[in-house]
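**Q** Sequence lines, in order, name chains A and B. Following this note's numbering, the numbering of the first sequence begins with 401 at its first residue and continues without gaps. Following this note's numbering, the numbering of the second sequence begins with 6 at its first residue and continues without gaps.
Just so you know, these hints were derived from the structure itself, not from any lab. Take these hints with a grain of salt, some might be off.
To be verified - Okay, the calculated beta carbon distance ranges per label pair:
(1) B:L68 x A:K530: 46 to 52 Å
(2) B:I52 x A:K530: 46 to 52 Å
(3) B:W247 x A:A718: 47 to 53 Å
(4) A:R508 x B:G191: 54 to 60 Å
(5) A:V506 x B:L156: 36 to 42 Å
Beta carbons: idealized from backbone N, C-alpha and C, even for Gly.
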Amino acid sequence: MSAGVELDHVTVRFGQFTAVDSATLDIKGGEFFSFLGPSGCGKTTILRTVSGFLDPSEGKVRIGGQDMTGFGPNKRPTALIFQNLALFPLMTVADNITYGLRVRGVDRQARRRKADELLDLIALKGQGDKLVSELSGGQKQRVAIARALAVQPKVLLLDEPLSALDLKLRQHMRTELRAIQQQVGITFIYITHDQGEALTMSDRIAVMSDGIIQQVSDGKTVYDEPDTAFVASFVGENNPFAGKVLKADATSAVIDTPFGPLRGRNPKGVKAGDNAILFVRPESLKPGQHGADSTLTSQVTSVAFEGNVTHVYLKGSAKKEITLTVGRHGGTEIPAQGSTTAIGYDPHMGLVLPAGNMARE
Amino acid sequence: MSSRFVVFLIPIVVIAIFWAMANRESKLAHDPTHKGYFERNGMVLGIVFISLVAFWTLFLVVLPYLYMVVESFHPKLVPAKRGGPEDVLTIAQYKSFFIEPSSGDWNTTHFWAFGYTIVISIIITALNFIICYPLAYYMAQAGTLQKVRLLMLALIVPYWVNEILRAFSLRLLLASKGLINQALMGLGITDGPIDFLGNNTGLFVGLSYAYLLIMVFPLYNAIESLDKNQIEAARDLGAPWWKIHRDVVIPYAKPGIASGCTMVFMLSAGSLAAPQFLGGPRTLWFTSVVYDFFFQSFNWPRGAAYAFILLVACILFVMLMLRVFKVSLGETIR
C-alpha cells in the first residue's frame, strides 16, 4: 500500500536560481516525513517535484523503487493536498471526494460507497450532498484529505495544509492528521514552516535552507542535536553567542563571547581559533550564579508573563536579546525589569557549533 | 390618449421610477451607517444624475424603440395619409412575415432567410467558441505574461481597421482570382479556383473573425479568475487534460461562456456588412431583408415588424439556451 520515496541528487533550477540543490533522501514507506524550513527554502519545490508538476533539472525521483522520470502528476501514485486545499467549489462534498475515482471511470454506485466510507473516516457522515462552501475551515480540510485518500495513493503530499486554520483548530488537526496517517498506513510527506507541526507529527524531519537539506533526523535529535547553526537557530528558540574558540577538546569547547568565556558541548569538533557559535536554549538558562564559564551578566529589558511560562529578556550583544524562559514550578525568583542580573546554565546544555548562516528572524 | 400626452407622461414616470429606486436603496441597506443615494450625492446633484440617466434611457433607448414598435403596427402609407382614416392599428405587417400579402401564399423566401440566419448564427457562435476557448485558456492560465501581451496585441490591432475594409480585404483574399486560390492553383493542390464566396466559406470566416474579441474577452475574464491549484488538483487526482476542461474549467467559466455566446449570436444574427459582402449569391441574410424594406421599398412598418420578429426570436433563443445550460441572466453580466 505505501511506498518509499527516494530523492537521488535532485537539483531544480529556475533560470539562474537554484531552488533545490542536490537533495538526496530516502523516505521510507509508511513514514510521516516533514520538510521544515522558512519560505523560499525550496521545500515546496521538492514537493512539486515528487508530485510531478516539476521535472528535476538533474537527478531522479523514485517512488516505490520506480524511476518517475516522464510520469506526469496524473500518472504518479501520489496525491497532493494544496495549501489552499483547491476543493472544487461547484461540486458537492461527495463529488469532490470521489472526483479521482470518476476520472478513472468508477461507476456511480461504487463512488457513492467510497464517499460514504471516507466521510465516515473524516467524521462528516451524511454531509456528502452539501456544497463545499457550506463547510467550516476544519471540515474543508478534512474533505481535502478524503479527496486525496480516495484515489488510494501510496504517498500523500501535504503542502502546509493547516496554515489557513486558526491556532486551536491547527493544534487539533495535527493530532487528527497523525491519527489518519497511522490508520491508512501510507507515506505522508508534509511541508511546513511551522516547527511545532513538524515536531509533533513527524517520524523524521528534513530541515531546509536556501535549497539545501541541512539535517535529516527525528524531531528530538533535530531539537537537541542540531547539525548546523541554521538548524539550531530555526528549530525552537535559541540564544546564540558568537566568538572565537579559546580552547577545545573532544567533549567541550570554550568560546570568547562578548559576555566573557562560555562553555558548551563540542559534538562537531571545533578547534581553538575557529569562529563558532554557542547556543543555549531559553529554557536551559536560569537566574543566578553558575560555574565560572557558564555564567553571564546582563540587564533585564523586559519580563513577559505568558501563563505557564515567564519570558525574561536581557540585553544581548547585538540587536537580538537574550531570552530566558522560566517554568512555573520550583518557585524560581524572576529578576525584576531594569535590574542587572547574573544568569547561567548547565554547560552540558550549551552547544558549540561552527559559525554559519542563521535563520532570519 | 394623444401621443403628445404620452411623450410628456413617460419622462415623468421614468423619473418617478428612478426616484423610487434611489429612496428604496437606503431602506434596503441593513448597515445603519450606510448613506442613502441623496445623502451621498446631495439633493441637487442627485436630481441632476437622475434626470440625465432618465433622459438618456428615455430619448436614446426607450423612445426610438417605442417608435419602431408603434410603426410596426401601422400600415404603409404615404405621408399625406398619415393620421387619416386609413392609419389604423393592424397586425398586417407581422402577418406578412408568414403569408405574402401580394400572392396569399406562404412567405417561404423570408421564412427561409430567417431560419438560415438563425442556423448560421448558431454555427458561427459554436465555431467562435471552439476557436476562442483554447485562446482564452492559454491567455488566462497557460501563457507567460510576455506572450499573452503579444497575443492580445495581435488580437486587438486588426480591430483598428474598420469592418467594411476588413470584409472587403477578406473578399479580395478569397475571390476566384484572389491570393488564396492563386496560391492553391500555383502549388498544384487544386485545378480550378474554389468558390469560397459562393459556398459561404467567406461568410463563416468573416463573421467568426468579426466577433472574435467579443468571445475571447468574456471567456478570458472567466477563466482568468480560476485558481490554478484547481486545475493542478484535478490533474493530480488523475484527470487527463480534456476531463480537466470538462469538469473544472468549463463549469467554472460557464457564465463567461454564456455571456460571450449570447453576444456573438445576437451580433451575428443582426450583422449586415459581412453577410452582404462575403455571402454567396444565394445567401439571403435576414437583416438584409429588413434593410431592403427600410431603404429600397421604403416600407418602414414592415421593416420594423421584421426587425422585431428577429429581436424577439433571438431573445427567446438566448433565454432558452440559458435555461438549458442552467445559467441565470445575472451571471452572464457578472
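**Q** Can you tell me whether the CB distance of V506 (chain A) to L156 (chain B) sits inside 36 to 42 Å?
**A** Since V506 (chain A) and L156 (chain B) have Cβ atoms about 39 Å apart, the given range 36 to 42 Å holds.
**Q** Does the hinted range 54 to 60 Å hold for R508 (chain A) and G191 (chain B) at CB?
**A** Between R508 (chain A) and G191 (chain B), where Cβ atoms are some 58 Å apart, the hint holds.
**Q** How does the Cβ-Cβ distance of W247 (chain B) and A718 (chain A) compare with 47 to 53 Å: does it lie in that range?
**A** 59 Å, violated
**Q** Should the hint that I52 (chain B) and K530 (chain A) are 46 to 52 Å apart at their CB atoms be regarded as holding?
**A** 49 Å, holds
**Q** Cβ-Cβ distance between L68 (chain B) and K530 (chain A): within 46 to 52 Å?
**A** With a Cβ separation near 50 Å, L68 (chain B) and K530 (chain A) satisfy 46 to 52 Å, so the hint holds.
Of the numbered hints given earlier, the model fails hint 3 alone.
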